[in-house]
Amino acid sequence: MTTAPVRTDLYAQVQHFYAHQMQALDGGRFEEYAATFTPGGSFQHSPGAEPAVGRAGIVHELVEFHKRFEGDPVQRRHWFNHIALEPQPDGSVRSTVYALVVTVRPGGKPEIAPSCVVHDVLEVDGEGVLLRSRLVTHDQMF
Amino acid sequence: MTTAPVRTDLYAQVQHFYAHQMQALDGGRFEEYAATFTPGGSFQHSPGAEPAVGRAGIVHELVEFHKRFEGDPVQRRHWFNHIALEPQPDGSVRSTVYALVVTVRPGGKPEIAPSCVVHDVLEVDGEGVLLRSRLVTHDQMF
Amino acid sequence: MTTAPVRTDLYAQVQHFYAHQMQALDGGRFEEYAATFTPGGSFQHSPGAEPAVGRAGIVHELVEFHKRFEGDPVQRRHWFNHIALEPQPDGSVRSTVYALVVTVRPGGKPEIAPSCVVHDVLEVDGEGVLLRSRLVTHDQMF
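Residue numbers (my numbering), protein chains in the order written: chain A, 1 to 142; chain B, 1 to 142; chain C, 1 to 142.
Because the hints were derived from the structure by calculation, they are not lab data.
Some hints here could point you the wrong way.
Said to hold, decoys possible - Straight-line Cα separation of at most 16 angstroms, EDC-like style, residue types lysine to aspartate or glutamate; simulated pairs:
1) K67(C) to E111(C)
2) K109(C) to D26(B)
3) K67(B) to D26(B)
4) K109(C) to E111(A)
5) K109(A) to E111(C)
6) K109(A) to E111(B)
7) K109(B) to E111(A)
8) K67(A) to E111(A)
9) K109(B) to E111(C)
Note that the structure is predicted; figures quoted are calculated from it, not measured.
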């Protein structure tokens with residue numbers, strides 16, 4: 001195998017997109033996170049979950065999900081690694097990425113779990129990157 | 001949100017700068033680390049600490065800090081993730097980065113703590129990247 | 001120090017090469033992993049091990065190594081960080097990279113060990129990237 005060369009500018013844009021996107025999520029800026037999806041984009045944070053569709057739906061899903069942390073001063077950080085891109089015939093880009101969730105509570109050590117794989121379909125144009133869909137699979141569930 | 005496109009060459013230079021810089025720090029090459037700052041650069045490794053200013057001051061701070069590891073054959077590795085850049089009006093670049101410190105002792109498993117956010121201001125020109133200032137915040141202290 | 005500027009396209013290609021390569025390894029696609037080496041490439045996964053040489057030899061080494069996981073439904077993920085490149089006089093590129101191995105078993109939390117440093121020599125041309133040699137050192141063994 002020789003890995004097919006990636007467009008250099010595309011690779012940098014996607015890395016930077018993920019950096020801003022995940023800092024928005026971990027900062028609790030859910031509308032900013034939702035706005036990284038296309039208007040009809042879908043977000044499925046685990047294979048068993050119903051996908052949230054559209055930006056309002058994604059914000060709603062995140063608000064619901066984070067109720068479990070009410071009264072729990074938790075800081076979560078989503079780490080990404082090994083972004084593998086595959087351009088698709090329709091012009092979109094499939095992106096497969098490792099993810100680990102780092103969870104910190106006051107006085108505690110970081111917990112690092114779960115280990116996930118993020119399966120994204122990206123739409124890229126001169127304006128930037130948007131997510132058409134995201135499915136997150138968990139390594140615990142195999 | 002569409003993340004503002006990043007200059008591709010800038011993004012690669014900053015990633016590469018961090019790779020060399022942190023390998024220098026973890027290798028105990030403090031003068032090499034200090035030389036990644038501007039001559040008047042400031043380094044504050046936690047919000048409560050007094051910032052070290054200037055390269056000699058940064059080396060001094062690192063030597064002092066590492067006295068805690070005397071007689072302790074520890075290997076530390078500073079991991080970075082999600083480099084988010086924001087060009088500033090004065091030509092500098094603000095860089096916000098996740099960090100985890102991996103600590104290994106002989107016969108032990110890696111300890112991964114603390115979880116931090118690195119807040120850098122970078123000066124970039126045709127010659128390369130230099131750090132004007134670095135403030136590290138810790139997730140435990142919120 | 002000013003880190004020598006890296007060729008932007010080279011840096012993106014190497015990152016992308018590692019992403020595909022490690023997803024192949026962790027997916028158990030050993031022939032795909034071996035094909036990321038030059039025909040006479042060598043792979044030494046720890047300093048004490050005999051290096052495997054050539055693609056067939058590398059596949060054999062991986063099959064042997066993974067026998068320890070027979071009947072053990074383990075998912076491993078090799079994370080990389082801080083890719084530092086140094087072009088060599090003969091046109092090859094030395095690449096020094098941090099690595100952590102994430103190991104997940106059903107119902108368990110990820111174990112993150114060992115912490116390693118990957119020492120690669122890369123051959124790069126218009127076709128892509130190939131590995132001439134890889135030596136992995138472990139932080140536990142110092």
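Violations among the numbered hints
The structure breaks hints 1, 2 and 8; every other hint is satisfied.
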